[in-house]
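What follows is each chain in one-letter form.
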Amino acid sequence: MNALSDVLSQGAQMSLVLGVAPLLTGFVRKVKARLLRRRGPPLLQPYRDLIRLMRKDVVLADNASWLFRVIPYLIFAGTWVAASLVPTFGNGLLFSWTADLIAIIALLGSARFFQALAGMDVGTAFGGIGSSREVMIASLAEPAMLITVFSVAMIAGSTQLPNVAEFMGSDAVGLRVSLGMAFVALTIVALAENARIPVDNPATHLELTMVHEAMVLEYSGRHLALIDLSSHLKLLLYVSLIACVFLPWGTATADAGVGRLVFGALLYFGKLAGLGFLLAVFETSIAKMRVFRIPEFLGAALMLALLATLLRFVSGSL
Amino acid sequence: MIAVALWSVAALLALASAGVVLSTRPRGSIILYGGCLIATSTLCVTALSDLLYFPHLTPSATLPIGLPWLGAHFRLDALSAFFLVVVNLGGAAASLFALGYGRHEDSPGRVLPFYPAYLAGMNVVVLANDAFSFLVAWEFMSLTSWAMVVSHHREAENVRAGYVYLLMASFGTLALLLAFGLLASGAGYDFDAIRASHPSAALSGVVVILMLLGAGSKAGLVPLHAWLPLAHPAAPSHVSGLMSGVMTKVAVYGFVRIVFDLLPEPVWWWSMVVLLVGGPSATLGVLYALMQRDIKRVLAYSTIENIGIIFTGLGLALAFKAEGLDWVAALAFTAAMLHVFNHALFKSLLFFGAGAVLGATGERDMEKLGGLIHRMPKTAFAVLVGCVAISALPPFNGFVSEWLTFQAILLSPQLPSWGLKLIIPAVGGLLALAAAFAAACFVKLYGISFLGRPRSDVAASAHETDRFSLTAMLVLAAFCLVAGILPGLFIDALAPVSKNMVGNIMPHQVGLQWLTIVPIAESRSSYNGLLVFLFAALCGTTAATAIHRFASDRLRRAPAWDCGYPDPNPAIQYSASSFSQPIRRVFGSVIFAAREIGEMPPPSSPVPARLRVELHDLIWDVLYAPIAKLIGFATDRINILQFLTIRRYLTLVFVALIVLLLVVAL
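If you read the sequences in order, they're chains A and B. If you read the first sequence in this note's numbering, its first letter stands for residue 1082, the second for the next number, and so on. If you read the second sequence in this note's numbering, its first letter stands for residue 10, the second for the next number, and so on.
Bound conformation, chain A alone (with noise of 0.2 Å):
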């Protein structure tokens, strides 16, 4: 391939993450709302939701800083550059060596470091509630995500995302204890990072269990359009990012003709359909928890995620 179709094929990522990351949100929250028999909005309504909020003025609390103002822009910029490092459909990214695997979970903790200051910058009790709780769960969410991140690039060798990838749509990965403990805590990473039931709700406002509602409380406008965008293209990640660790199945090679990109696209749409379906038939199942269970939820996964690495070290082929 040559540079320009590099250059293109990165920005089609980008877009289509970008493009995409609203209606995966919508779909999960329409499958949620049959599953309650309820008839929902209708799938687009995350990009009417934007649009609209774009459209609207912006409403600054009076203390807010220029760091406040910034703020949205930063998480938005590291979260759709961590999301368009994931590969979907094909592996051969322009910019895939540009961070491996922990450079993006880093960038997402940019993301997050600015979003929990954003939440004491104007200086109320929510905004300090949403923020500390938010720096407790990150607490174990990110190093379980980390050695989650070690487990699996040990047995493929590798932390750039399309080399795992690869590796695991191999014959040599064959069947292992230690990809199906990491399976487990990244999963429970994942709903703690998109801040789903048990651990968050994101249907949620006033509500003293709110985590990032109440950090993004004082946002309004084309901040919140922002940040809502960030969300959304978060889950997007994660989702994805399951996807091309554990269901490697189908993706594109980066030497792939157009059949086979065709092919790996309709089946990426298919993988995220699932993973938003069984997210959703999860989130409607169970309860969301205590606060102070969170930290028992997602010190299994972390556990989980170090017996994995230990298993690895202790041997070559579990």
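By construction, these hints were calculated from the structure, which means they are not laboratory data. Be aware that a few hints might be false.
[Said to hold, decoys possible] If you want the footprint, here are the derived chain B segments under chain A, 3+ residues with CB under 8 Å: (1) 382-388; (2) 587-598.
[To be verified] Label-pair restraints from in silico Cβ distances: (3) A:LEU1085 x B:LYS387: 40 to 50 Å; (4) A:PRO1122 x B:THR554: 53 to 63 Å; (5) B:LEU632 x A:VAL1088: 56 to 66 Å; (6) B:PRO612 x A:ARG1118: 49 to 59 Å; (7) B:VAL54 x A:GLY1261: 32 to 42 Å; (8) A:ALA1284 x B:THR554: 31 to 41 Å; (9) A:SER1398 x B:LEU620: 19 to 29 Å.
Glycine included, every Cβ here is placed at the ideal spot set by N, Cα and C.
Start from chain A and add chain B according to the hints.
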């Protein structure tokens, strides 16, 4: 080269003696700090050019001072040159900062003479090439810094800090003395002779343990860290920055010089010991930091974390070197050295920020700060960069060195020994926890002190700091960004150091496509800070212009929403203690034996209810308190000897003589 370095050190010593006179003059501090700035910059440039252009030359010099038959030996190899860069970059930044900050000093006579002497001491430790000069310089560095720790001696806390510091410094020097004694037994004091003497494996093992005690206590490794969070914050802020950012690195230098350079090939269990100390230091240090509410103390505890990360890297390097995998050892060692450099940058920056806040408000307690981003916007910006960098977040420099350490950990299944196979995943987990805690810790530090609304009048009436201090902070912030987006340059500059110490180098980085760093092979892992930075900047600005252009750019100010219950009282905000309460509840009950005690007054009593939080430093309780008690008990017993009659003293002398004679006879 070495002549320039030694002359600069001599200039610093001359400035130290001039400091006694200068401290009484009105513009004395400016002359003195200006002189220090020139001397340290000269040293920094000299060392840097030596590291970059003549890394294979090792000029040495012998001065006729010190022990009469030995003289003082100095040598400038790649390792010394690298640490000279770190010491003097930190020293130059601190001097620049102090040009403005030092004017606030109430009693300059207690700081000015010691400051250049302290800088000179650190430089001589790094340059020394014999055990005697090394130890004398080491003690000189300890004592001059001690003098500045107790410079504000009217505060009881500082005096206690000075006392504990002096005790721990003596303990550390004792360990170093014993280590050098063992090494010198076969060869003499000269490092060249020690290097050639090949001490036995058992003796080397003892030396490693002693070095871990001696250098580790100066660097602040858990459990020898007790003095550090007391002493570092007590000194004036530019000295705190030097102690945390630079002096701990001199301790790392001591460890590397002896364990990697003077001792023969390592044995695998050395690395076990280092890893067992390094990993827990990283996690515990930052957990302690999270529980603090004094800005400078948070920073001091976070130094313990970063030293833990550095020693983990060194431990990994030892493990890989012992097993003959020297190409991975080079990776781990380079990661550790890069973190040495990075930590010197952002920790100095953050201490200067704390100093600026202290100068503007007179407060170190976060519970009395808040909203400083409005009053001190430039300081707030520089400190924000430091906070992001120290939290190991891309695209800044802290991330690069932690990422390299993780890459080394990922290669450790290749190690054959079982002990290491079990420990290294655990250490990896501890480092991952430490990274997450560090982010939480610095969200708290920045969010409570700089964001929100002012919690006291002094915070509400704070003013921006002077331009010297600002320049120093902004220069360090720029370095943090450059080292984060162009790490390849720094990794390549470290190649000669790694070649000398572990016998191999990381692959050459500069010249790779787009300045990507690739520690092992492109199929394994790569990271490109420059592209991540440009990419993110492009995405952010594109989004901003597109939205402002096509959607809306209107903005209104209004009172905060806060779910409809805004309260004008700033006490309603989250405080430093309440921010860390969830983490304290999750981790603190085991690690700090943390307890929350609610004292409810009886009904109809007008006394307010109180909530107290009790935290215990278990290491202090278990390790230090019993030793202190034992010593107290023993001194009480021996004390009666002070009040004997002359007759009894004579008897004692006689008995002692008999015993001695018996010993000699037998």
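Checked hints:
For the stretch 382-388 of chain B, the assignment as covered by chain A holds, since 3 residues bring a beta-carbon within under 8 Å of that chain's beta-carbons and 3 suffice. Using a Cβ-Cβ cut-off of 8 Å, 8 residues of the stretch 587-598 of chain B lie near chain A, which meets the minimum of three, so the contact claim holds. Between LEU1085 (chain A) and LYS387 (chain B) the beta carbons are some 43 Å apart, a value that agrees with the proposed interval 40 to 50 Å. Remark: the range hint 53 to 63 Å for PRO1122 (chain A) to THR554 (chain B) is contradicted by a beta-carbon distance near 31 Å.
Between LEU632 (chain B) and VAL1088 (chain A), the C-beta spacing of about 60 Å keeps the proposed range 56 to 66 Å intact. Taking 49 to 59 Å as the suggested C-beta distance range, the pair PRO612 (chain B) and ARG1118 (chain A) conforms, at roughly 51 Å. The supplied range of 32 to 42 Å is broken by VAL54 (chain B) and GLY1261 (chain A), whose beta-carbon atoms lie about 56 Å from each other. With their beta carbons about 33 Å apart, ALA1284 (chain A) and THR554 (chain B) fall inside the hinted range of 31 to 41 Å.
Between SER1398 (chain A) and LEU620 (chain B) the CB atoms are about 54 Å apart, so this pair departs from the stated range of 19 to 29 Å.
Comparing the model with each numbered hint stated earlier shows that hints 4, 7 and 9 do not hold.
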